[in-house]
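Can you make the complete structure from the sequences, with help from the hints?
Listed here are the chains, written in short residue letters.
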Amino acid sequence: MDAVLPQLFAGLSLGSVLLLAALGLALTFGQMGVINMAHGEFMMAGAYTTFVVQQVLADPGVSLLVSVVVGFLVGGLMGVVLEVLLISRMHRRPLDTLLVTWGVALVLQQVARDVFGAPNVDVRAPSWLAGPVQLLGVSVPRSRLFILALAVVCVAAVALVLARTSLGRRIRAVVQNRDLAETSGISTAATDRLTFFIGSGIAGVAGVALTLLGSIGPTLGQSYIVDAFLVVVVGGIGQIKGAVVAAFGLGIIQAFLQLGTTASLAKVLLLALVVLFLQWRPQGLVTVRTRSLA
Amino acid sequence: MSGGSTTLPRWAAVVLRPGPARTWALAALAALVLLVLAPAVLSDFRLSLLARFLCLAMVAVGIGLAWGQGGMLTLGQGVFFGLGAYIMAMHLKLADAGPGGVPDFMLLYGTGEVPGWWEPMRSPATTVVLVVAVPALLALVLGTAVFRRQVRGAYFAVLSQALAAAFAILLVGQQQTTGGTNGLNGFRSFFGYDLADPVNRRMLYLLAAGTLLVMVLAVRALMRSRYGELLVAVRDQENRVRFLGYDPVRVKVFAYVVAAVFAAIGGALFVPIAGIISPADVGVVPSIGFLVGVAIGGRATLLGPVLGSVVVAWAETGLSESFPSFWTYFQGALFILVVAFLPGGPAQLAGVLRRRRGAGHAPGAGRAGADTDQPAGGGRGRRPDAGGDTADATDTLEDGPGRAATGHGDPPVVAASGPPAAAANDPDHHLAATTERHP
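If you're matching them up, the sequences are chains A and B in order. Residue numbering for the first sequence follows full-length UniProt numbering, starting at 1 and increasing by one per position. Residue numbering for the second sequence follows full-length UniProt numbering, starting at 1 and increasing by one per position.
Keep in mind the hints are simulated off the structure, nothing from the lab. Everything numeric in this text was worked out from a predicted model, so none of it was measured. Accuracy of the hints is not assured; some may be wrong.
Derived Cβ-Cβ restraints for the label pairs, each shown as a range [said to hold, decoys possible]:
| id | chain 1 | residue 1 | chain 2 | residue 2 | range |
| --- | --- | --- | --- | --- | --- |
| 1 | A | F256 | B | P39 | 53 to 61 Å |
| 2 | B | L334 | A | L65 | 53 to 61 Å |
| 3 | B | S43 | A | T261 | 45 to 53 Å |
| 4 | A | F256 | B | Y109 | 23 to 31 Å |
| 5 | A | S139 | B | Q174 | 55 to 63 Å |
| 6 | A | A263 | B | G100 | 31 to 39 Å |
| 7 | B | A280 | A | L77 | 42 to 50 Å |
| 8 | B | A280 | A | A272 | 22 to 30 Å |
| 9 | B | G112 | A | V56 | 53 to 61 Å |
| 10 | B | L140 | A | D179 | 48 to 56 Å |
| 11 | B | A333 | A | L57 | 34 to 42 Å |
| 12 | A | D114 | B | V41 | 32 to 40 Å |
| 13 | A | A130 | B | G112 | 42 to 50 Å |
| 14 | A | A263 | B | Y109 | 14 to 22 Å |
Yeah, the Cβ is synthetic: ideal placement off N, Cα and C, and Gly gets one too.
This is the structure in C-alpha cells:
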C-alpha cells in the first residue's frame, strides 16, 4: 500500500498534464475531424508567453496568473489564424490537414528559435508554489497540485460552455450532424472558428502550466503532442468525458508501469495496451451516436 | 486548344502523355542517370551523399504504395527504417569485433558481454533474413490488429506516430545494448569489404541504386496487377470491396508490410553508407520527414516519391548548412503549399493549369477548375473518422468513410502507369478531356 499512493498521485499529476494538452485537441478533433499537429506549438507559444509576461511583470505570482489569461488569448488567436488561413479551406481532407499543420508546426518552431534563441529559457515559479505539501502521507509538489487544479478548472469551464451556452449548443449540433446543423441555420464556419479559438486557447493555458515543470524550448510542444494524440484516440472524439477518463487512465497506468519497469519500457507497454484497447473499442471510449452516414 | 495535342512531336507525346510508354521511357532514363551518369560525373563524396538519399527514397517508395495508393497515412516508417538499420548495424559491429568479440561501446558502457538477442546477428545470412523478417512481422501483426478493427484515417496515423515515439524512447533507454542517444557507428567493413576503400563505396552506391530501381519496378508491377486495382479500390470504397467478397484487411496489410520491408531495406543499406544510425534518425520527426518528399513529389505517382525525397534531401543538405533557419521556413512553407493546393504533387500542376486556362474558354468547366483544392467526390463524409459507429455502419454504401478517409483532395493521379480501370475512375482525366474538347 505504501507504494500505491505515491504512484497514484504521480499518475494523477501526469494525467492532469496530459489532459491539459489533449483537451483542446479533443475539442477541435471532435468538431472538425482535424488533427492539429501545430497544437504542441500552441502550447509552446503559451509557455513563451509566460516567459515574456514575467519579463514585464517582475512578480512571479502575478505574472503566472496574468499569463494564464494572456496565454489563452495568444494560443486562441494563433488557432483562429490557422483555421481561417488553412484549415477552413481544407474540409473533407482530414489527413491532409494533419500534414499541413505539421508544416505550420515546423515554421512555428523555427520562429521560436529565431526570436528566443535555441537554448532553453526558464520561468521562475512563485514562492507559494515552491515545495511540497503532505497529502495522506505522500509529499506532493505544490506546482503539480496547481496544474491539477488548472486542469479541473479548464474541464469545468469547457463542460459549462458546452452544456449551458448557445455556443455550446451550436458546437454539439455541429459535432453530431454538420450538414443538418448548417441546414438549421447554424453558421458552421463561425462555430468552427470559435471552437478552434477555445481549443487552441486551452493549448496556450497548457503551455503556461508546463513552465512550472521545467525549462522552455522550441521543441517543447513536440514532447507532449504524441501523448496528447493518444489520449484523444483512446478517449474517442466529441466528448470531454472521454478525454478526461483517457488522460487520467493513461497517466495512472503509465505511473504504475514505471514502477515495475523502466520509463522507456513503460512507454512501449502503454502503446501495446492502447492497440489492444482499440481491438475492443476501435472508436475510443466515448463515441457520439450520429445519424450521418459517414 | 482543340488539336493542340495532336501536333506534338512524337518524343514529346511519349514524355507528356501518361501511359506505359512514358513509364518505360522514364524508368530507362532513371536507370541511365543513376547507374551510369551519376557515378561518372559525381565525386566520391557527392556519390556517397546521393547513395544516402537513395536509401531514404526507398522508404518513400513504400510510403507511396501505402499512402498514395492505399490511403494509409503512416507517420511511423522510421520504426521500420530503424529496425532494418539497427539489425544491420549490430551485425557490422559484431563483424568488426571478430568471432566471439565484444563491440567497443559495450566495453565502455555495458557489462562487457554481448546480450543474447545480439547473437543471431553474428551470421551474415541470418542478418539479411532478419532485416526483412522482423519489420515484416511487426507490420503484419500491427497492421492486422489495427485494420481488422477498422482503425483508419487519423486514428491509424496517430498510432503509427506513437509507435515511432515509443521506438525512439526505447532505443535511447537501452544505452548499454543499443548505444543510447549516440546510436551505433564507426563501422569498418560491410560483409568483409573495407568501408574505407572508395571502390567499395562506389559498389555500395550501385547496390543502393539498383535496389531502388528494382523496388520502383516491383511497385509498378504490383499496381498493374489485380492486387493494385484492389488496393486503390479499398482506398476509395472499402465497403464496396468487402461486399464484392474480398478482404480489405489483407489488401491493406500486404501494402503496409511491403512498405515496411522497403523501409527496412533502405535502413539496412543506410547504415554502411552513412556510417551511423541513432534514435535521431528514426523518431517522430524523421518519420514525418519521410513524408515531405513523398508529398512534394506526388504521393500517388510512381517516381514522384523517389524524385521528391531525393530532391528534398539534396536541397536540405545544400541549404541547411549555410542557411539553417531559412531552410526550415522553406521546408515548412513548401509542405503547406503543396499539400494544401497541389495534393497530387507537381505532376498535378499541368492539369490544374490546363483546367484554369480551359476555364477561360469554357465557362461550364470554370467551377471545376477553380475548385482544385476541393475533393472531386466524397461529398457526404465530412468527418469520416469522427462518425460514431462507422464500424457498425457496414451498410453505408455511400461515399462515406473510405473515400474521404483517404484524405485525398483530388482523386489519385494513379501513376504514370495507371491501369485502364484506375484511369477511368479519375475524374481529372475526364475534366481535362472535356475541357480540351471544348471550343
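Now the hints, each set against the structure:
Checked against the hint of 53 to 61 Å, the pair F256/A and P39/B passes, with Cβ atoms roughly 57 Å apart. Between L334/B and L65/A the CB atoms are about 41 Å apart, so this pair departs from the stated range of 53 to 61 Å. Between S43/B and T261/A the CB atoms are about 49 Å apart, so this pair conforms to the stated range of 45 to 53 Å. Taking the beta carbon of each, F256/A and Y109/B are about 29 Å apart, inside 23 to 31 Å as hinted.
As the Cβ distance of S139/A to Q174/B is approximately 31 Å, the hint placing it in 55 to 63 Å is violated. Restraint check, A263/A to G100/B: a C-beta distance of roughly 34 Å satisfies the suggested window 31 to 39 Å. With their beta carbons about 33 Å apart, A280/B and L77/A fall outside the hinted range of 42 to 50 Å. At about 24 Å, the CB distance of A280/B to A272/A agrees with the hint of 22 to 30 Å.
A hinted range of 53 to 61 Å holds for the C-beta pair G112/B and V56/A, which are about 56 Å apart. A C-beta distance of roughly 39 Å is found between L140/B and D179/A, which places it outside the suggested range of 48 to 56 Å. In this structure, A333/B and L57/A meet the distance hint of 34 to 42 Å, their C-beta atoms being roughly 35 Å apart. Our hint of 32 to 40 Å for D114/A and V41/B holds, since their Cβ atoms are close to 37 Å apart.
Roughly 44 Å separates the CB atoms of A130/A and G112/B, a value that falls within the hinted 42 to 50 Å. Between A263/A and Y109/B the C-beta distance comes to about 18 Å, which sits within the given range of 14 to 22 Å.
The structure fails hints 2, 5, 7, 10 (numbered hints given earlier, in ascending order).
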